[in-house]
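Number of protein chains: 2
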Amino acid sequence: MPKIDLDSIQQANRTGYPAPFDKDVHGRWYRRLAPTSGLTDFGVSHVRLEPGAWSSQRHWHNGEDEFLVMLEGEAVLVEDDGRTLLKPGDCAAWPKGSTNGHHICNESDRDCLFVVVGGGTNTGGGYSDIDLMFTPDGKYVHKDGSPYPQRSA
Amino acid sequence: MPKIDLDSIQQANRTGYPAPFDKDVHGRWYRRLAPTSGLTDFGVSHVRLEPGAWSSQRHWHNGEDEFLVMLEGEAVLVEDDGRTLLKPGDCAAWPKGSTNGHHICNESDRDCLFVVVGGGTNTGGGYSDIDLMFTPDGKYVHKDGSPYPQRSA
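These protein sequence lines map, in sequence, to chains A and B. FYI, the numbering for the first sequence is 1 to 153, going by my numbering. FYI, the numbering for the second sequence is 1 to 153, going by my numbering.
Among these hints, one or two may not hold up.
If chains are identical, the list can't say which one is meant, so a pair holds when it fits in one copy or spans any two.
Below, simulated DSS-like cross-link-like pairs (lysine-lysine); rule was C-alpha separation at most 30 Å, straight line [claimed, not checked]:
id: 1; residue 1: K3; residue 2: K143
id: 2; residue 1: K87; residue 2: K139
id: 3; residue 1: K87; residue 2: K23
id: 4; residue 1: K3; residue 2: K87
id: 5; residue 1: K139; residue 2: K3
id: 6; residue 1: K143; residue 2: K87
id: 7; residue 1: K23; residue 2: K3
Treat the hints as calculated values from the structure; they're not laboratory data. As the structure is a prediction and not an experimental result, all values here were calculated from the model.
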């Protein structure tokens, strides 16, 4: 059955962010839906943010479109030009290449849930508020290109 | 603001289905979200089904992945191997190339809402229950390849 059994997919809160940028996403629990479903044309994550958690550091993608639909609870979308409350049913889209960074912050006192879709090809991207960028090969580096210390396993 | 103003996007219930297959989707009202949002890596439709309406005839895509998340109301997912009730928050995925046709039927007495994402490339596809298939150039034809009568404008 193509209905996805969400409970059968393990939730993870892993991040490759170097410290101290990792702590803001410790309460971000995600399930990757595409691998278990056989989807290859785009990626889909089902995400739960605990109170206080962020979806990511505020970022953009050079080569990947993103789309989000809010399912439960509320969170604040933060961008260059301000803050927007997202409620269940609200949709948001970020075309690749726009350097207007975005992230979703759960400032409420209960969990929120959303689905986010990503397509295209990773050609790197940047972070609006911190000295961090990501490379096409998935590495996190300073904005001058120098590496962050390796994380211990 | 990348939050999408859904009310500003016109709803349509157009279909290219030849009669009599068109009547089942007359109560399907959709908004295409990608064009107005600048997304090009995948398509997104925000769909409202009136009671009795179907999302489509039961179909598959040869070259396009599909993903759906239910937002409001209830509908029945119909596939070769049975029927599955979809409720808000439920997700379903149909990888391209699977000939297990699917559609969503609103058998309830109120509207339902869902978001559906499609990626990949149209290389045609088929319909499980009727003498219809679609071609890579977007035409609807009989399964023997012969055309349906042209629709009047």
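So, going through the hints one by one against the coordinates:
1. With identical chains, the CA atoms of K3 and K143 are at most 30 Å apart between copies only, with a shortest distance of 28 Å across copies and 42 Å within one.
2. Taking the closest pair of Cα atoms, K87 and K139 never come within 30 Å of each other, the shortest separation being 33 Å inside a single copy and 39 Å across copies.
3. Taking the closest pair of Cα atoms, K87 and K23 come within 30 Å of each other only inside a single copy of the chain (25 Å); across copies the shortest separation is 34 Å, beyond that limit.
4. Within a single copy, K3 and K87 get their C-alpha atoms as close as 24 Å, and across copies as close as 11 Å, so both meet the 30 Å cut-off.
5. In this assembly of identical chains, the alpha carbons of K139 and K3 lie at most 30 Å apart only when taken from different copies (29 Å versus 34 Å within one copy).
6. Proximity of K143 and K87 under a CA criterion of 30 Å is satisfied in neither setting, with 34 Å inside one chain copy and 44 Å between copies.
7. Proximity of K23 and K3 under a CA criterion of 30 Å is satisfied inter-copy only: 26 Å between copies versus 33 Å inside one chain copy.
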